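Position chain R against the provided structure of chain W, taking the given hints into account.
So the protein lines, in turn, are chains W and R.
Positions in the first sequence are counted from 1; adding 1224 to them yields this note's numbering.
Positions in the second sequence are counted from 1; adding 1224 to them yields this note's numbering.
These aren't lab readings, by the way, just hints derived from the structure by calculation.
Where hints are given, some of them may not hold.
Identical chains blur together in the list; that is why a pair holds if it fits in one copy or across any two.
Under the rule of at most 30 Å between Cα atoms (straight-line distance), these lysine-lysine pairs were calculated in the DSSO-like manner [as the list claims (entries may be wrong)]:
| no. | residue 1 | residue 2 |
| --- | --- | --- |
| 1 | Lys1265 | Lys1277 |
| 2 | Lys1265 | Lys1233 |
| 3 | Lys1233 | Lys1250 |
Just so we're clear, the structure is a prediction, and the values are computed from it rather than from any experiment.
Protein chains: 2
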Amino acid sequence: MLIQEDCSKAMLSIKDALEAVDGRWKLLILYSLCSGPKRFKEISREVDGITDKTLSKELKNLQANKLVNREVHDTFPPTVEYTMTAHGMSLRKVLYELWSWGLSHRQEVIGK
Amino acid sequence: MLIQEDCSKAMLSIKDALEAVDGRWKLLILYSLCSGPKRFKEISREVDGITDKTLSKELKNLQANKLVNREVHDTFPPTVEYTMTAHGMSLRKVLYELWSWGLSHRQEVIGK
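Chain W with its partners taken away, still in its complex shape:
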């Protein structure tokens, strides 16, 4: 169980995770890719409020962290799709717990 782990080691793991998915957008982008490969504009539509510049930056960072793949298809004109890597997929439990906690948090604090 979590709290029986050596505290500083566990802190380090949580820090690692937070650094990889920090900010308000990365987890939302990953959630958008949970349902399958998407083009840039599709992600941009689903992640409400994100600018193209920020989405572009965040996608690059997610690629660097091996969470997202960028695939160029040899069509005319070439098309680009973003997919979750297996490592990105392993974040689904985190997303699920955040989603589930976000629901209860809205009831508890925001009250609607």
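Just chain R now, kept in the frame of chain W:
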């Protein structure tokens, strides 16, 4: 299952959760309080790298979000302890999943 939920509603819940625990410190402070009530200086020691000013600000924000309680004990001089609320405790699954994912992320990307 998460991906079968209505997408924009699920995004909203994840957004709510991310807003409540945003930044690099809040989840680490909460993790530090998982093991029991702590005084300011004890949290400050456990959460490596945080300044007193930031810790103070984050604790106030966590109180506003009903995740942490501040208890003043009638000793001489008065002592102050911080505890997790029941609502804060409900974040433990999120912490557990982040911890567990952080471990695999370190192996996958950082490679040590």
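Evaluated hints:
no., hint, in the structure
1, Lys1265 - Lys1277, "within (12 Å within a copy, 41 Å between copies)"
2, Lys1265 - Lys1233, "between (40 Å within a copy, 20 Å between copies)"
3, Lys1233 - Lys1250, "both (24 Å within a copy, 17 Å between copies)"
Hint violations for this structure: none, all hints satisfied.
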